[in-house]
Amino acid sequence: MASNSPSPQRSTFDLLAAPAVAAMFLVAGYAALFVAPTERTMGDIQRIFYFHVPSAWTAFVAFFLGFIANIAYLLRRRQYWDWLAVSAAEVGLAFCTVVLITGPMWARPVWGIWWTWDARLTSTLVLWLLYLTYLLLRTLVDDPARRAIVSAVFGIFAFLDVPLVYMSIRWWRTQHPQPVIAGGEGSGLEPLMWRVFLLCWAALLGLMALLIRQRYRLECARHELAELSLAADERVAVGKGSGLSNS
Amino acid sequence: MFSLFTSALTILAKELRLEFRTRELLTTTIVFVLMVVVLFSFTFEPTAAESRRLGGGLLWIAFLFAGSLMLHPSFTREHSNDTLAALRLAPIEPFAILLGKLLANFLFLLFAELLLLPVFAVFYDLSLLPLTTRLFPLTLVLLLGTFGLVSAGTVFAAISAHARMRELLLPVLLLIVLTPVLISAALATSSLFADPPELPRTALVLLLSFDVVFLTAAWLFGEYLFEE
Chain A
1 MASNSPSPQR STFDLLAAPA VAAMFLVAGY AALFVAPTER TMGDIQRIFY
51 FHVPSAWTAF VAFFLGFIAN IAYLLRRRQY WDWLAVSAAE VGLAFCTVVL
101 ITGPMWARPV WGIWWTWDAR LTSTLVLWLL YLTYLLLRTL VDDPARRAIV
151 SAVFGIFAFL DVPLVYMSIR WWRTQHPQPV IAGGEGSGLE PLMWRVFLLC
201 WAALLGLMAL LIRQRYRLEC ARHELAELSL AADERVAVGK GSGLSNS
Chain B
1001 MFSLFTSALT ILAKELRLEF RTRELLTTTI VFVLMVVVLF SFTFEPTAAE
1051 SRRLGGGLLW IAFLFAGSLM LHPSFTREHS NDTLAALRLA PIEPFAILLG
1101 KLLANFLFLL FAELLLLPVF AVFYDLSLLP LTTRLFPLTL VLLLGTFGLV
1151 SAGTVFAAIS AHARMRELLL PVLLLIVLTP VLISAALATS SLFADPPELP
1201 RTALVLLLSF DVVFLTAAWL FGEYLFEE
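These protein sequence lines are chains A and B, in that order. Per this note's numbering, the first sequence starts with residue 1, numbered consecutively. Per this note's numbering, the second sequence starts with residue 1001, numbered consecutively.
Don't take every hint at face value.
Claimed, not checked - Covered by chain A, per the in silico footprint, the following chain B stretches (three or more residues, Cβ under 8 Å):
no., region
1, 1090 to 1101
2, 1143 to 1153
3, 1207 to 1214
4, 1218 to 1228
Treat the hints as calculated values from the structure; they're not laboratory data. Even for Gly, the Cβ is constructed at its ideal location relative to N, Cα and C.
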């Protein structure tokens, strides 16, 4: 079992990656706050968009990674796929939480309300709940091999559900009166805004990769700990057994 | 080696026979849905117009809760009797076990729904006639929605059977995944209760795609749940 668990040690890559992502964040934050032009109607509050939307995209990337890992686990049965799946889902959920927090922060001054059952908001909330459920399921199954299988199957179902959720909610919302009109959606971004936006997304993707790697390493360490304590227990049992036979 | 369908039908026959002998699953489910329908009236006291508008949603909430509770025994019963191992040893595809149980659950829940539909119509003053524009389309919505519910639900019952808190976990897993089914089925049912009745095509497309996607996923990945 231990043979298929590549336990990544702290490398020079990690030592360099963290400061690099931090530097990217500084630049991206500065660009979003000072370089990007001020939006005409919403003013400065619009700047939250540079972290709100890329967080959503990053969450999708993480969930997609988790989906791939789920399938790979079922086909290949290597523990590291399971570790990657849980790491990606957790990090994706964190980014999704950022989306759900920054959204109302923007909505309150612009729309005058914290929350509305608009198609995009509701879909994001359901997405968040789906992955919360996935992580909840993992905490309720004790046997690691069993947990890996059932959570992989549920993870696949949850991911396949996302487009259906999105389509049905969009349809549901068009059936009902819209409380808020999010105007100017199709108007496109000014080129400088685009560049800042992509920079912010790159920073968030870097952070995502970093977090998934750390979370993955944690999972490795937990696994190693479980194996070691099992081995220690065995040794104690053997020691006791031999002690008894000696006396 | 049986073919997939004959072995699934054998499992289905076993489930039906078991239920026919005890009848406990169906009776409990029917009483449960009836209870929800009655309690709804206590909490909201809807007028005729309101029940026409809210009826679809209420009906599907009741079915969804009933489904998420009644699917549970289909695997825990095997666990408590230690019969799942025997099923697994049978020379059939693992998916046949899932499919047989899925079909059995589909028939049980559909039976309960069709039985309760007239009761519901009486309580909330909703008409099921004319047949061609109201009852038949409604039956179609029930068929598609229920199939989606049980195809995800039977897989999740197999999942939650291995977990702690399984009684609570199955509804948690199922209800959020069923969001598309609830939305489309409830809206379609409400539009069919409205005057004049109307069947939104989008609802059918959504329900059908949910059924196809989840049955295919169950077929591709469900068998892994039966490994020991």
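**Item:** Broken hints, by number
**Value:** 1 and 2
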